[in-house]
Amino acid sequence: MNRSEVLERFNPQKDNLLGILHGLQNGNPNNYLTESDLKAVAEYLNITFSHVFGVVTYYTMFSLKQRGKYIIRICNSPVCNMKRSLSLADEIRDLLGIGVGETTGDMLFTLEYTECLGRCDVAPSIMVAEDVYGNVTRKSLASIIKKYK
Amino acid sequence: MIHEKRVLLKNLGKINPASIDDYEKAGGYKAIRKALDMNHLLVIDEMMNSSLRGRGGAGFSTGLKNKFTSESCLRCEQKYLICNADEGEPGTFKDRIIMENDPHLLIEGMLIAAYAIGASKAFVYLRGEYYRSIDMVTLAIKTAREKGYIGSKIFGSDFSVDIEIRLGAGSYLCGEELTLLESMEGKRGYPRIKPPFPAEKGLFGYPTLVNNVETLATIPVIIAEGSEWYSKLGIPESPGTKIFTISGDVANPGFFEVEMGTTLRDIVYGLAGGIKDGKRLKAMLLGGAAGTFVDETVLDTPMAYDSLKEKGAVLGSGAIMVLDETRSILCMTQSILEFFKHECCGKCVPCRVGTDRLVRMIKDINRGNENRFTLEEMVDEAGYIAKTSLCPLGQSPIMPLASLQRYFNDQF
Chain D
1 MNRSEVLERF NPQKDNLLGI LHGLQNGNPN NYLTESDLKA VAEYLNITFS HVFGVVTYYT
61 MFSLKQRGKY IIRICNSPVC NMKRSLSLAD EIRDLLGIGV GETTGDMLFT LEYTECLGRC
121 DVAPSIMVAE DVYGNVTRKS LASIIKKYK
Chain P
150 MIHEKRVLLK NLGKINPASI DDYEKAGGYK AIRKALDMNH LLVIDEMMNS SLRGRGGAGF
210 STGLKNKFTS ESCLRCEQKY LICNADEGEP GTFKDRIIME NDPHLLIEGM LIAAYAIGAS
270 KAFVYLRGEY YRSIDMVTLA IKTAREKGYI GSKIFGSDFS VDIEIRLGAG SYLCGEELTL
330 LESMEGKRGY PRIKPPFPAE KGLFGYPTLV NNVETLATIP VIIAEGSEWY SKLGIPESPG
390 TKIFTISGDV ANPGFFEVEM GTTLRDIVYG LAGGIKDGKR LKAMLLGGAA GTFVDETVLD
450 TPMAYDSLKE KGAVLGSGAI MVLDETRSIL CMTQSILEFF KHECCGKCVP CRVGTDRLVR
510 MIKDINRGNE NRFTLEEMVD EAGYIAKTSL CPLGQSPIMP LASLQRYFND QF
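Protein chains in written order, with the numbering used here: chain D, 1 to 149; chain P, 150 to 561.
Worth flagging that the hints you see were computed from the coordinates, not collected in a lab.
This one's a predicted model, so the numbers in the text were calculated from it and none came from an experiment.
When the alpha-carbon atoms are kept at most 25 Å apart in a straight line, the in silico SDA-like pairs for lysine to any residue are as follows:
hint, chain 1, residue 1, chain 2, residue 2
1, P, K496, D, S63
2, D, K14, P, G277
3, D, K69, P, G319
4, P, K490, D, F53
5, P, K336, D, N26
6, P, K490, D, A89
7, P, K460, P, I384
8, D, K139, P, T475
9, P, K270, D, H22
Looking at chain P on its own, in the form it has when it is part of the complex (with noise of 0.2 Å):
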């Protein structure tokens, strides 16, 4: 029998999360005592021991990151952290999960990697849709500031930070580092082209760290227990816990905590229920719209950046949205397509008319046109739209169609 396993979320249901001392007494900010103990060069090397990975979704190194907008433009006077709080790829709510039942566990994380990488200014940038979450970081940030733990020479050390709410105002594509940076200058949310990267030229100039609010709060508990304790949870290419969001027809959805490497059987079937009233499995859809399809036979693959990939899946946000035998598949991949086609921002002209096309060729697909699109037509265009398109939006729509080609082809 498959259990979670609670690291990040071990408080959670235990303590009041407008609390901040039922959050100290359950052993709150101590990692980041530790931490200002410590060099911040070795705060950084903890992160790159315990080899976690990016949260959003990209799966970046977060230690080289962190390593990255340290070492960056050391003459420069400002550098600074954002959470990219700005949750809203579809079947995903983990950091929402995070941010209502333990805001100052991700206070706690930001506080520390502000300090590694040399940070005085921190932003929470914020889904504006997300109201519950809104009230309790700006709680959490209002306690902790009260409490002398946001400000100047915090726990008295040399260290000042302050942080700051900024709110998202419904833009998908603003998510996306480059494009949430642009988003918090006040403006629309276009992407940037890269490089330059964050952590050389980010908010206003100044280097720049982007994290997840799942990663960030996944750094307490890296210091505050050591990297290589972290690095033994999971599988060596993929260490850690990660919060798996699952939805649509199984027994029980919701949100689960497991360590890294655990397979999709057991996520689906063991902790999730099963399939809902006795019907067969039909699909996965891994990691949100910008994600992948998966059958039933990669049931027995390790969830895992490396692992998935083999398969030609990704692990993404970690959700999982799952599709018993009445679904369809063309309309969910309808759904899917015209979300991409609504969150265009219409910069680059090939992903403004290619989002569209798509929408249209899979419209004809489905009304069962003679002479009707093909799948292969529709992997082509959006192959076009990802090798021409700055941002990863428009190299997302070629995610679950290849993935089709692979596992579905017989559906079209």
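Excised from the complex, chain D in its bound form (with noise of 0.2 Å):
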């Protein structure tokens, strides 16, 4: 979806902002807004830049910068701290070359944190795109990454 098909779902009120936001991220292959995305959205919900750009730069799932198709998310939870989520990020240095909020060469991947994904009872979780992993180990996350090469 371009950016006039995403901005034509939606009426022109401000409270639209996020789902526009959503929108926009959601349509570009690289996962991130650009400084022309925000000028316009400003411009069609006739708000400034800068409430635009505060709003993005406010919330963790919207993004600036070029990522990767796929977006890993380790969860970074104090159950999943507690089942080593975070040695699941040394793994995938090893595996993919990457650090935390670091994208693969090959604009593959891109590795964050997120905050609880309400999977607990599956600690430690990750997610890879819109999919959700639980009971995550070292040697399982190779294969779930294999899966999105």
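Starting from the two chains in their separate frames, assemble the complex, guided by the hints.
What follows is the structure in structure tokens.
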């Protein structure tokens, strides 16, 4: 979906800002919002650029930086921490050569932390794109990643 | 032997959550029909009489909240209902279970609440990362709308209501009702000063009722079976059932719906199978990060709002995180404090500076530095933050820290 198609789905009301930003970001193959996206949204909703910028930078799901096709999110909640979720970041560094906040050279994966994914019963959990995985071990992580390559 | 009492989750695993027909065959959408035949004030009376308390964590009377919103600003041409589905309290996943497995139950509860307060527009503010819940609730709204259950003059009554989904975008704070309103209006998630409460001035300045998913999902059964039936469940101080989500070092982690007043021992040892690998219990964190640590002396306390309060603990969202003897309370505390620091919005200076300071203090303690900070100093710091911050986030760090002082002072 291109930018004008996304905008057309929403009435030009300020309260649709988050929904529009989600739509634009999801429509971008690199999972991010460009400066011209922000300008277009500001114009469409008749609000200031700084307001849009302020909202984008407040919410952790929005990015102003190019990201990979698949975002790997490691749950950073206390339960997943307790079950060594942070060691999964080391494993991903070994597997893909990226740290938290970084993107692979082929623009396929970006690694991020996320707050509680609500999968505490199968901690540690991670999310790849829209898929959630539980009881993730260093070993199972490799086969999960493989599915997206 | 303790058993679950599935009232909210009665359809779980028995119906196809994507099928509105399945939900109706299981008795669904009968309570809304019954409610529409009643005066809306009687519907609120039923909620009052059920003594249901908000399941999001604060435990405020659901009936009263409905009553306030219903009575507020009678000349206003618009009132709103918002379902708070921004579940994000660490260790909590009860709302996700409801939305993924029985989304029409939530829709039916919303229709009844909207009718009770006279709201013609309702929203589900759903957490952006909860993709499966988003899909299921979106589908439920679509199919209910196609059947005419959402829309104008529903079920042949004079009542009209629309329901729409709005997505969050990664902010724990937006689960707090006033901050949620800011986010719904397309702004940064900064908390509002209260009063006014949402019942007076909520979304776009209109009277608004904000209820948690589990609370709204409880309403159909109260209307269908009656408040008298419902209030006999649980214990008089906290009637009804509650979904607890248990995680950490237990043999069988998961979610369990039990009557209020069930003991922690019955949940941890009876339902969740006790401590994993034959280890001993060290601690339980009740209610999430904005919760309280307790030790084994609390095992026989009924899980209910007031009885836990007497023990310096909270029920909160119903999260129970279990730590076995090998776990470090200090590491867990650091993880919690880092969470608060990360989620602090920065609006109130004491919280912005204080949550950062608390992380430095616990790191200093964990490094075992000489002349390191003490737990008492951390509790003091958290006390200042609580007194000088606007929203519940600033009032949260004191809770786990004060409970550590009561139950685990020796660990520091």
